[in-house]
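Given chain A's structure and the hints, the job is docking chain B onto it.
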Amino acid sequence: MPPEAIELLVIAAAALVFAVAFAPQAASRRTLLVRGGAGLAGSAAIAAVPTLDVALLVLLMLGVLHAAVAGTRSFATRLRPPVIAVGMLALGLLLVRVEAPDLVARFGAVGLVAGLAASIGLLPYLHPIEPDEALTASPVAWLGFIGPVLAVVVVVRAQGALPTDAGGAFGGMLVGLGLLNMAWGGVAAWLTADEVAAWRYSFVADWGLVLCGFGLTVADGQRGALLVLFSILAGRLPLYLISRQAIREKTTTRRPINLVVAAALAGSAPFVGFGARILLLRASTQIYWPLALVLAVVMLLWLPGSLRLGRSLGQPRRRQALGVALILAVNVAAGLYPLPLLAAARL
Amino acid sequence: MIQPAAGIVVWLGVSLVVVADGRRGQAVGIALSALGLAVLAFVTAGAVAAAAIAAGGAIAGARRFVSGPAGWEILSPGSTPRLVLCIVTALVAFWVADAVTSGPVASVRFAVITAITLSAARVLSTAEPAAQLSAVAVVAIGVASAGAIGSTDPAVWPYLAGGVVAAIVGWLPLRSPSAA
Chain A
1 MPPEAIELLV IAAAALVFAV AFAPQAASRR TLLVRGGAGL AGSAAIAAVP
51 TLDVALLVLL MLGVLHAAVA GTRSFATRLR PPVIAVGMLA LGLLLVRVEA
101 PDLVARFGAV GLVAGLAASI GLLPYLHPIE PDEALTASPV AWLGFIGPVL
151 AVVVVVRAQG ALPTDAGGAF GGMLVGLGLL NMAWGGVAAW LTADEVAAWR
201 YSFVADWGLV LCGFGLTVAD GQRGALLVLF SILAGRLPLY LISRQAIREK
251 TTTRRPINLV VAAALAGSAP FVGFGARILL LRASTQIYWP LALVLAVVML
301 LWLPGSLRLG RSLGQPRRRQ ALGVALILAV NVAAGLYPLP LLAAARL
Chain B
1 MIQPAAGIVV WLGVSLVVVA DGRRGQAVGI ALSALGLAVL AFVTAGAVAA
51 AAIAAGGAIA GARRFVSGPA GWEILSPGST PRLVLCIVTA LVAFWVADAV
101 TSGPVASVRF AVITAITLSA ARVLSTAEPA AQLSAVAVVA IGVASAGAIG
151 STDPAVWPYL AGGVVAAIVG WLPLRSPSAA
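Chain order of the listed sequences is A and B.
Mapping the first sequence onto my numbering, position 333 (from 1) lands on 333, and the numbers just tick up by one.
Mapping the second sequence onto my numbering, position 156 (from 1) lands on 156, and the numbers just tick up by one.
So here's chain A without its partners, still in its complex pose:
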């Protein structure tokens, strides 16, 4: 099992405990625990199985189970993305493994990248979203909970299977797709009309950073990607969960806490997102310095969207306020001293 996947599983388990403990009263804790537990077990199985083929079958089963739970979208709508993802990943893997010219392995790399994007719900395979849908039945379950472990497993195992030439193409495509998701997600989180959609696009933008980090095949890139995945699981996902009640009540506030949350979501110092961005910029300067320039410009797009999302949190009270304080403290701690996180993943 890749050490990054083990670490992310532990963080996902902690995020689930947090969700059950600090969920708004409107959310059913039992439902969160049961569905979240199933998702966590599926993620653990994806990481633990011996081959990527079996991991794809676990992903297929998880996709069918997720489509079968009660939600506002139809079964057919929710089943399509995971099945298409598994199909593209399997065909990509097949083309990588066969005896064929190098070009065929490059097509295989295309299938792997496209399948990865489809499984998580990134551009160009955004899953349809309904504002009223429960968190566990919505596409955010893939973006914020199952996706991190799945992405690490697919990328690590795919990089092991790809020949050198196709491996370079795989990394280049991840960087390109990452930039697209960063730009689109950043602008859409700022300008889209619906608050739930804005949160979803903010996840997409964060995933853009992750893909860039995975694509930059140097240690700092992998470190940056891991820290962004940490910030998704331990920052953005729990903050989104807490904000759902205020979104439902259409409450927005402009208090200091909203500004601090916006800073955390935008990846400013001293939160963990800042360190991740510094590592990604350093990695891109090692590979191709103009890329760092592009990344720096695109990273500015987080600001307006994050201010909006910070306001959408409303004014958390009692248990929710404690939860927000805990999230911010964990993100500051990881931002100031990320070494234990990186060491646990052997990065």
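Bear in mind the hints are in silico, worked out from the structure with no lab data behind them.
Since the model is a prediction, treat every value here as computed from it, not as a measurement.
Even for Gly, the Cβ is constructed at its ideal location relative to N, Cα and C.
Be careful, since some hints might not be right.
As the list claims (entries may be wrong) - Covered stretches of chain B (chain A as the covering partner; in silico rule of three or more C-beta atoms under 8 Å from a C-beta of chain A):
| id | region |
| --- | --- |
| 1 | 59-72 |
| 2 | 153-161 |
As the list claims (entries may be wrong) - Listed next, the stretches of chain A that the computed footprint assigns to chain B, with coverage defined by at least 3 CB atoms under 8 Å from CB atoms of chain B:
| id | region |
| --- | --- |
| 3 | 64-73 |
| 4 | 79-86 |
Just chain B now, kept in the frame of chain A:
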């Protein structure tokens, strides 16, 4: 001659899943796909792998035989594009398996490409849960069979996992969309 024949049986089976709207047509399609892939699994990975694929396909086919829209409903009005898709996919898969790629298991490559591509297309093209779950069962045994490609001694785990997934998916209780 057994391997090419098994590959064609897989294509026939998955094409039936694509062009049939009734439960009987889909059940026979799943059974044919599983039969072809089980024969190929027997050749490449042994009896246990073949048994896992056959059992998974048989359970999925049996479940489909008793649930879903009644009848055969093969090539119902409006299914011409699906028929064309099946034929074009077979031609492209044959070209990729035989001419673009090389190696000892061309039939497995052909069978896996047709099974996964056509089943995924079926999931995209219909909103009927029974048809989608039939296609998912074929995707599962297709993905499991892909483990034999590029390996001289394929492990049995993917076949067992594929058989289990194919057997389970048809039994899941489905709920209608509702407000949160």
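How the hints compare with the structure:
For the region 59-72 of chain B, the stated coverage by chain A is not satisfied: 0 residues place a CB nearer than 8 Å to a CB of that chain, which falls below the threshold of 3. Restraint check on the region 153-161 of chain B versus chain A: 4 residues with Cβ-Cβ distances below 8 Å, three needed, restraint holds. Chain B is given as covering the region 64-73 of chain A, and this holds because 8 residues of the stretch bring a CB closer than 8 Å to a CB of that chain, at least three being needed. Here's how the region 79-86 of chain A fares: 5 of its residues keep a CB closer than 8 Å to some CB of chain B, so the rule of at least three is met and the hint holds.
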